[in-house]
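K.L.:
One letter stands for each residue in the lines below.
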Amino acid sequence: QKEVEQNSGPLSVPEGAIASLNCTYSDRGSQSFFWYRQYSGKSPELIMFIYSNGDKEDGRFTAQLNKASQYVSLLIRDSQPSDSATYLCAVNRGQGAQKLVFGQGTRLTINP
Amino acid sequence: DTEVTQTPKHLVMGMTNKKSLKCEQHMGHRAMYWYKQKAKKPPELMFVYSYEKLSINESVPSRFSPECPNSSLLNLHLHALQPEDSALYLCASSQDSPTSGNTIYFGEGSWLTVV
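Residue numbers (the numbering used here), protein chains in the order written: chain L, 1 to 112; chain E, 1 to 115.
None of these hints come from the bench; they were simulated from the model.
Among the hints, erroneous ones may be present.
Said to hold, decoys possible - Here are some, though not all, of the chain L residues that point toward chain E, as calculated from beta-carbon distances under 8 Å:
no.: 1; residue: 49
no.: 2; residue: 54
no.: 3; residue: 100
Computed from a predicted model, the values in this text were never measured in an experiment.
We put the beta carbon where it would ideally sit given N, CA and C, even for glycine.
All chains should be built: construct the whole structure from the sequences, respecting the hints.
P.N.:
Here's what the structure looks like:
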C-alpha cells in the first residue's frame with residue numbers, strides 16, 4: 001500500500017461545476033495535510049493546508065479532513081479552465097523540518 | 001511569485017561535468033529542502049537542512065552533494081551524473097518550529113538535462 005494514494009485521473013469536469021479530488025493516507029499518526037497545484041512545466045504551488053478534522057474553506061477551495069477514515073479531499077467550486085492542472089496531495093511525516101510525502105497527483109481538466 | 005529563487009532555470013551538462021544548482025530564500029525560514037521530480041511523477045525528497053545542518057538524506061547517491069552556506073542559501077553540487085538524473089530539481093523552504101504544520105514553499109525549479 002502506498003503511503004499517500006490519489007486517483008491519477010484524468011478527471012474531467014465542466015466549467016462551473018464542482019471538482020472533487022480525493023486522497024487517502026496510510027500513517028494514522030499523520031497530522032498535517034497539504035494540497036498543491038502544479039501546472040505543466042511549473043513547480044508545485046500551495047493551495048490549502050489542513051490539520052484538524054472537518055472542513056476548511058478558502059475562496060472557491062474547501063479542504064476536508066477525516067482522520068478516522070484517513071481521508072483528505074479538495075473541493076473546487078465554480079471550476080474554471082484555469083483550474084486545469086495536476087493536484088498533489090501531500091502528508092507530513094515529520095515535526096519541525098517537514099518530510100512531505102506526495103501522492104501521485106490527479107490531473108484535472110475543466111472543460112469550457 | 002515564489003520567494004524561493006533558483007538558478008539556473010535550465011542546465012544541460014555532460015556526464016563528466018561538475019555543476020551546481022543554487023537556491024536562495026529571504027523569508028527567514030530555517031529549513032530548506034531539495035526535491036527531485038521526474039516527468040509525470042510527484043516530487044521526491046532528497047535532502048533536508050535544518051538550521052544549516054543536514055538533517056535528512058534520503059539515500060541519495062553521492063554524485064549529488066548538498067551544501068548550506070548560510071540560512072538563506074542552499075546549493076546542490078552535481079558531479080558525474082547519469083542521463084537518468086535528468087529531472088526538475090526543486091528547492092523549498094519552511095519554518096522549522098516544533099510542530100507538524102510548517103508549510104513548505106517551492107521555488108520555480110531547475111530543469112536539468114544530462115547528456
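K.L.:
For every hint, state whether the structure bears it out.
P.N.:
For each hint, the structure was consulted:
{"no.": "1", "hint": "49", "verdict": "6 Å, holds"}
{"no.": "2", "hint": "54", "verdict": "15 Å, violated"}
{"no.": "3", "hint": "100", "verdict": "6 Å, holds"}
Checked against the numbered hints given earlier, this structure breaks only hint 2.
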